[in-house]
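Visitor: Residues per chain, in single letters:
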Amino acid sequence: MTRMLERALYIAALALAVLCVTSLAQYAMAATPIPQAPHDALHAMGPQAGHIVDLWRVMLWTCSLVFGAILAALLFAILRAPRADATAAPDLSAVDRAEPRVRRSVASAAVASALLLFALALASVFTDRALARLSLAGAVNIEVTAHQWWWSARYLDGGHADTFVTANEIHIPVGRPVNLQLKADDVIHSLWVPSLAGKKDLIPGRSASMQFRADTPGPYRGQCAEFCGFQHALMGLLVVADPPAQYEAWVQAQRTPPAPPTGAKAIRGQQLFQSTSCAMCHAIGGTIASAQHAPDLTHLASRSTLAAGTLANTPAQLAAWIADPQKHKPGVNMPSTPISRDDLDALVAYLETLK
Amino acid sequence: MTHATLEASMAADRVRMKDGPPAGSREARALDVTWDDPPGLLGWFCAINHKTIAKRFIVTTLGFFAAGGLIAAVMRMQLSRPENTLVGPDMYNQLFTMHGTTMMFLFAVPVMQAVAIYLVPLMVGSRTVAFPRMNAFAYWIFLFGGLMLYAAFFVNSGPDAGWFAYVPLAGPDYSPGKRVDFWAQMITFTELSGLIEAIVIIATVFKMRAPGMTLNRMPLLVWSNLVTSFMVLFAMPAVMLASTALILDRLVGTHFYNPAEGGDPLLWQHLFWFFGHPEVYLIFIPGLGFLSSVIPTFSRRPIYGYTAMVLSLVATGFLAFGLWVHHMFATNLPELGKAFFTAMSMLIAIPSALQIFCWIATMWTGRLNLKTPMLFVLAFFFILVLGGLTGLMLGAVPLDLQVHDTYFVVAHLHYVLIGGAVFPLFGAFYYWYPKIKGRMMGEALGKASFWLMFIGFNAAFFPMHWLGLHGMPRRVYTYQAGMGWDGMNLLSTLGAFTFAAGVFLSLVNAVASARRGAVAGADPWGAGTLEWSIASPPPPCNFHAIPTVHGRDPLWQPAPGGAPARVSGLAVNVREVLVTSVIDALPDHRMTSPNPSPWPFLTALATTVLFIGSIFTPWAVVWAAIPATIATILWFWPKHKDNSEDLALEKAP
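Taken in sequence, the protein lines are chains L and E.
Heads up: the first sequence begins at 1 in this note's numbering, then just goes up one per residue.
Heads up: the second sequence begins at 1001 in this note's numbering, then just goes up one per residue.
These are computed hints drawn from the structure, not numbers from a lab.
Careful, some of the hints might be misleading.
Here are some, though not all, of the chain E residues that point toward chain L, as calculated from beta-carbon distances under 10 Å [what the hints assert, rightly or not]:
1) Asp1037
2) Pro1038
3) Asn1258
4) Ala1330
5) Ala1349
6) Leu1386
7) Arg1475
Computed footprint of chain L on chain E, listed as stretches where at least three residues anywhere in the stretch have a Cβ under 8 Å from a Cβ of chain L [unchecked claim]:
8) 1124 to 1136
9) 1262 to 1275
Glycine included, every Cβ here is placed at the ideal spot set by N, Cα and C.
Sequences and hints are given; from them, build the entire structure.
Guide: In structure tokens form, the structure reads like this:
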């Protein structure tokens, strides 16, 4: 009687375990609805991430099958074998007698595993090939440099005069391939925009590149994936895929320096920017501020986030960030600057004109 | 021979083997006195008995396990909700560095070596390990290295560049101060201990097996420790070299890793992972040995497929060195190279799969005794297999590029390490505790602890697969609200606390059972290997008479035709051991094993001063080398007294 109860318990426990894993696997398969920008390896929005999701499905189902089979074999072994305690004499018949049936089962399981592994390795290699086949005809070329803890992007297409720089927000045209040249300024970082492609490390002293294409317009969130020190956690970026016409308009806007500020407050803000420590690190196109130690602010007001994807770009958040960056990203390289309320307002008013 | 007569002769043989010189006889008492550690406080520092050292080693590593676990609990609390402010980035980066460093360098590999130091001599029928003083020295430097790391952590100088310490972040420019210096020196230091233990284990296994224990009769646990020790010999020097180059970059101004001066940050990654990947198998292969000890005993039959098992262990040991690059797929390596490392990552699954099939076959054809050790071992099949399968996913380059450095990898590595090592290790503790303490651990408490650990573990780590696929990177101290990661992180934190409660329950069980557990007797599980032929806890000399071996499970397989069951002729008043041949374990010669000595402890102390001092001034290397040299010379000072005593007392008991 207890034996039957025990069997029932084992079947129940193992069935429950398999049920949990398969249902959680189902859960893992489904992409979650994401309120802001997609940031999700299973939420593929371009061919590169798409091929990888296909490989993920093959892997998930094959591995679930193998997992189920091994657990089932274990369960049968536990249920089938009679019970014995420590005083029972060991069964030594196997010492001088072969066990041909067991041998056959073990050998065929091993051969099946080898074949399955070979198939998975092939699937991986074919996916790798598919990823390498992305056509780069008409690609947009951008040089992305990672810094502790922000990103700068230099658009290389066109002549020397046509290049321009943006920070923490990369716009790309929908349907056209993008070729990123990756560089690191200080330590190793890793660029990861999961909905568009897998990640790639940016290593000081080494060059690397990354290719992808977005097929649907919209913002996609990215993130540094290699531990890079203090604020690794808050080193995000946005990749915004625009319809072609909108993209061209954006490029033209970026190539044009922002109009000089009008209005007394904004003018005072510009003077403040240029006469205080701001200009020692940041650059603003068309002005005397040209330092490259911190994000380029030329078209700051047109970006949707601040502080490498950490804060929404609103005047209030901008003011809070300037007043005390250490509160939002402790340890970040931008110092907290004591600044009067009036000056802060003027500075924000000026920065808000940088469309 | 019928089954009944077989059993009868076996039982008689067991009695014979336990005999030796009769318990309480003059010879037995003399042996106990000869092999015991010296009394008193001074004796405590002089102890070299392998069981004493191993017990200290095990307790120390478990202490570090508890410390690493507490750190993990704080980390899980910080991540239980978005934008939490329990700890900031500075503390969090120290915490995860300390957690990884503690678990990998101060717990997982050392605890496996510590258990091996206790069990291997007992399982091969030897009175001690080879090089017992070196064994003691290895323990002391391990202890000092670990304490040095924690001392730094408590004065807010804990390393914060990750347990993998990638350069240039860990280099002089981006990690100024002493934090990474402590880390780099501690690594070199504790890995030295690992190397020494590997040499001790290899020499013990090859030269000190009881007569008749040919290589193909060696218990699988001994095989797994032999393979692990060889792997240590090849893997550890890589990381010691890497950490030495790092400390030179930091303190002396060399440029091994500085790209501006012709160095290369990828050199660090190659050296580190050439050690770091085999390290996983250093932890996992002894776990396989535990399974191969527990499963046959609780299936009441010898293991199925012994030869296949041994070949699998050796193959795993070899292949483990061929796949370090799968930690570096995102670093832009050549395509063909990546395909090779994908193939290797898949290939290494085959020997592990073969072992799993053999264990299932053993249970399938056996009669099961489902006690606590067996439950912990069964958990292996659920957890390790799942971790192994996600390992295949990571071996596929395209998929790795998505989930690398995300929580998916955190889930995977905990499934492999906790499923492959910690659950088998807990099974091993429940299994061998009676041998060490002479008392059984509580069965009910053991089962409760098992279920808490099993459920808690899965609740803590399974959701991390989901988190990684949905974009959560690892090594982040916080995450923003609205990413959709809140629920899974909370579940994971709750699971982690359940797991910790299970571990705590086992600890309570161990402490309570030390006094109140049922008296175990020599062989409470009815097992077949040599350590169960002697009293629990074992006498200081392990075996009053060295047994002879006639099969793979000596206690189950009797000596045929009245062959001698034990060896006589070793001195009782001198620490004399029997040395046997490598392959066939034929008696070769008798050798005197060293006596207790304070010098291993004092040498370790001097070496520690050298290593810690070097962080502050290179001159420490020079000045501390003097006492270290003096201590080493005194350690090895020949004592003619020992030899003359040896000759005078040579007699057959």
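Visitor: Each hint should be assessed against the structure and marked as holding or not.
Guide: Now the hints, each set against the structure:
no.: 1; hint: Asp1037; verdict: 32 Å, violated
no.: 2; hint: Pro1038; verdict: 37 Å, violated
no.: 3; hint: Asn1258; verdict: 9 Å, holds
no.: 4; hint: Ala1330; verdict: 5 Å, holds
no.: 5; hint: Ala1349; verdict: 6 Å, holds
no.: 6; hint: Leu1386; verdict: 6 Å, holds
no.: 7; hint: Arg1475; verdict: 4 Å, holds
no.: 8; hint: 1124 to 1136; verdict: violated (count 0)
no.: 9; hint: 1262 to 1275; verdict: holds (count 3)
Checked against the numbered hints listed earlier, the structure breaks hints 1, 2 and 8; every other hint is satisfied.
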